[in-house]
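J.: As a plain string of letters, each chain reads:
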Amino acid sequence: MLRTSIFAAAALMAALLVLVSGATAGQLALQQTVTRNTSAASFPVTITTAAGKITIRKRPARIVSLSPTATESLFAIGAGSQVVAVDDQSDYPKTAPKTTLSGFTPNVEAIVAYRPDLVVASYDPKALVSALDRLGIPVILHAPATSFKGAYQQIRQLGMVTGREPAAARVIGGMKSKIGKIVKASRSRASGLSVYHEISPDFYSASTKSFVGKVYATLGLENIADAADSAGTGFPQLSAEYIVSASPDLIVLADTVCCGQKPSTVASRPGWDRISAVRTGSIVRIDDSIASRWGPRLVSFFRAMSSALARL
Amino acid sequence: MNATAVRATAVRPRGIAPVWAGAAVAFLLGSIAIGVAVGPIDLGLEGISSSLGERLRIPGITSSLSRTEESILWEIRMPRVVLAAVVGGMLSLAGATYQGVFRNPLVDPYLLGVAAGAGLGATLAIAYLPDGLGGQQALPAAAFVGGALAVFLTYSVGRSTGRGRDTTTLVLAGVTVASFFTALQTFVQQQNADTLQQVYTWILGSIPSSGWSDVVLVLPYVALATVVILVYRRVVDVLSLGDEEAASLGVDVGRVRLILVVAATVGTAAAVAICGLIGFVGIIVPHAIRMVAGVGYRALLPLSVIVGAGFLVLADVIARTALSPAEIPLGIVTAFFGAPFFALVLRTSRGAA
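Just so you know, the protein sequences line up as chains A and B, in that order.
Counting from 1, position 7 in the first sequence corresponds to residue 7 in this note's numbering; the numbering is continuous, with no gaps.
Counting from 1, position 284 in the second sequence corresponds to residue 284 in this note's numbering; the numbering is continuous, with no gaps.
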């Protein structure tokens, strides 16, 4: 039944596409029509997340997002109007209804006060999921993705549960094609080059095991943190001697917001003037939040890397 | 060697037996040599000695190290070894001083709320100082102000009831102030979840690879504190007998205790500000020396500086090489290797101590 209704929705969308393409009706009208029709047809929806199988009976209208990544994804797939509250770390997009709710130290009463019909979290502290479960509030637990596949899957699931599956598919398709183009154009430049990704000024880095590390691996860059990640945590702390000696060709600063790091502070560190990236000025500043999330802005990360590679 | 030591301590119960002084200095020099020679990057003994020879202007010797290796040796590794020595010496000296002044063997350099106050200061700096002001540069100063404020409060609270004479009151006041500051610090952290990781690093303690600038920053405070404490080292022995006895021997107990506590606190706060909380050094080193050498404070205090310096240099070698090229937080190393070692010393010297 679910499959047929999705089929019907897809067919309807295709028909609408034919109808309005070329016309000046505008994309917004198209999107709204599609949404109304799909949402009417595709519930209840059952998905499987880290918190187990959950069934959403009807299209949610009061979503609380405790995950900054989920907030970005929900707005990107056009489900922003269904979101009533987002946590205190959800700073993108600016139109998201930011509250004082915390995803790190969640207060169940404060969450319930928003009368949510769906809660999205990236993390389950203090038995948040089971507490909401007892109150009959469905929770989607989307833990930090460790691969692009996992990140796309989360966007797809958010599309399913909000009745915006086609929009989610479009977002994912757009991400894949943009990233594909960037990778294709940059791979030859990246080959043979090494990168150091900095999470904090005490040299915590991200290896290929981590989600950000996958960005570098996809571009074909060699990640100097890999040699230090024997434990496989994805986030080893490197020693300064090693970084200077490895002399990476690119340095990516993901600690510009938290810790005020910039190319000049990096260059002034003792011994760092010997590093290739410092000598060629190949130091990329990336917003901490883009580098620590796994949502639609992954494309911006790839863009920043591609322009840095183009300058090299 | 043991026989000599026993004889020496029997003849001069309070002085430094030459054999222990020699052993301590040899331990420190050995630690420094290992600290300079060993690191995540293998520079080779020949390379290091040739570079050293060139810097010492020994004729005919030129460094065989590349420019990058020179940078690693002189701008990253050397300052880190020196900083570890300075901080280790200070923390164990402060620990020994507090233990003597408060006649409590369990006291560590973080008593009186120094660590909690410095922690709050550092957390506030990390969380609220705008980037333009450079939270990193302001961090030591903020930690120092917080630590000093906590000690001032502890002293005020302690004095108001015990008039500064009763050490138990003062220790209790320290615990109270520390709890209060820790609560404030935790609250600020909770409000700024995005900076949690930095605070976490700070709590675990580490010797930063920040070059000579941190050495220059911390050295004046540590040097001043060390000189003051060592000048008063004989008085600590008198204080350790008890306030009444000390007073009857003509010591102005309140004044001397204040001077010693302020000196130990200034040095500790400076060290904590740069390196975070490095546990165990201040307790383990003085007690190990006491158990092995069986000396009074007059000898214990200078020995603590030397042995503490060597101990932290060695611990930092483990921190930066055990998982090379990854690092282990230093606080974990000092506790992981310090605790079993301490247990061993405790067992083997129970009779002597």
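Please keep in mind that the hints were generated in silico from the structure rather than gathered at the bench.
Ideal Cβ positions, reconstructed from N, Cα and C, are used throughout, including at glycine.
Treat the hints with caution; some may be incorrect.
Facing chain B, from chain A, some residues (calculated, C-beta under 7 Å) [stated by the list, open to error]: (1) N107; (2) E109; (3) D202; (4) F211; (5) A228; (6) Q237; (7) L238; (8) A240; (9) P263; (10) A267; (11) S268; (12) G271.
Chain A residues, not near chain B, derived (Cβ > 12 Å throughout) [stated by the list, open to error]: (13) F43; (14) F104; (15) S205; (16) R269; (17) I275.
J.: Each of the hints needs a verdict: does it hold here or not?
T.: Consistency of the hints with the structure:
The restraint placing N107 of chain A at the interface with chain B is violated, with a minimum CB-CB distance near 12 Å, outside the 7 Å limit. Hint status for E109 of chain A relative to chain B: violated, with the closest Cβ pair at about 17 Å, above 7 Å. Using the Cβ-Cβ criterion of 7 Å, the hint placing D202 of chain A at the interface with chain B is satisfied: the shortest such distance is roughly 5 Å. For F211 of chain A, the shortest C-beta to C-beta distance to chain B is roughly 16 Å, which exceeds 7 Å, and the interface hint is violated.
Against a cut-off of 7 Å between C-beta atoms, the interface hint on A228 of chain A holds, since the closest Cβ of chain B lies about 4 Å away. The beta carbon of Q237 of chain A is positioned within 7 Å of a beta carbon in chain B (closest approach about 4 Å), and the interface hint is therefore held. At its closest, the beta carbon of L238 of chain A sits 6 Å from a beta carbon of chain B; the interface hint therefore holds under the 7 Å criterion. Against a cut-off of 7 Å between C-beta atoms, the interface hint on A240 of chain A holds, since the closest Cβ of chain B lies about 3 Å away.
Using the Cβ-Cβ criterion of 7 Å, the hint placing P263 of chain A at the interface with chain B is not satisfied: the shortest such distance is roughly 14 Å. With a cut of 7 Å, the hint placing A267 of chain A at the interface with chain B is violated, because the nearest CB-to-CB distance is about 13 Å. A cut of 7 Å between beta carbons decides the hint on S268 of chain A: the least distance to chain B is about 9 Å, and the hint is violated. The criterion of a C-beta within 7 Å of any C-beta in chain B is met by G271 of chain A, whose closest approach is roughly 4 Å, and the hint holds.
At roughly 35 Å, the least C-beta separation between F43 of chain A and chain B is larger than 12 Å, which holds for a residue marked as non-interface. For F104 of chain A, the requirement that its beta carbon stay farther than 12 Å from each beta carbon of chain B is not met, with the minimum near 5 Å. With a closest Cβ-Cβ approach of about 9 Å to chain B, S205 of chain A is found to fall inside the 12 Å limit, against its non-interface label. Not every beta carbon of chain B lies more than 12 Å from that of R269 of chain A, the smallest distance being close to 7 Å; the non-interface claim is violated.
Not every C-beta of chain B lies more than 12 Å from that of I275 of chain A, the closest at about 8 Å, which undercuts listing it as non-interface.
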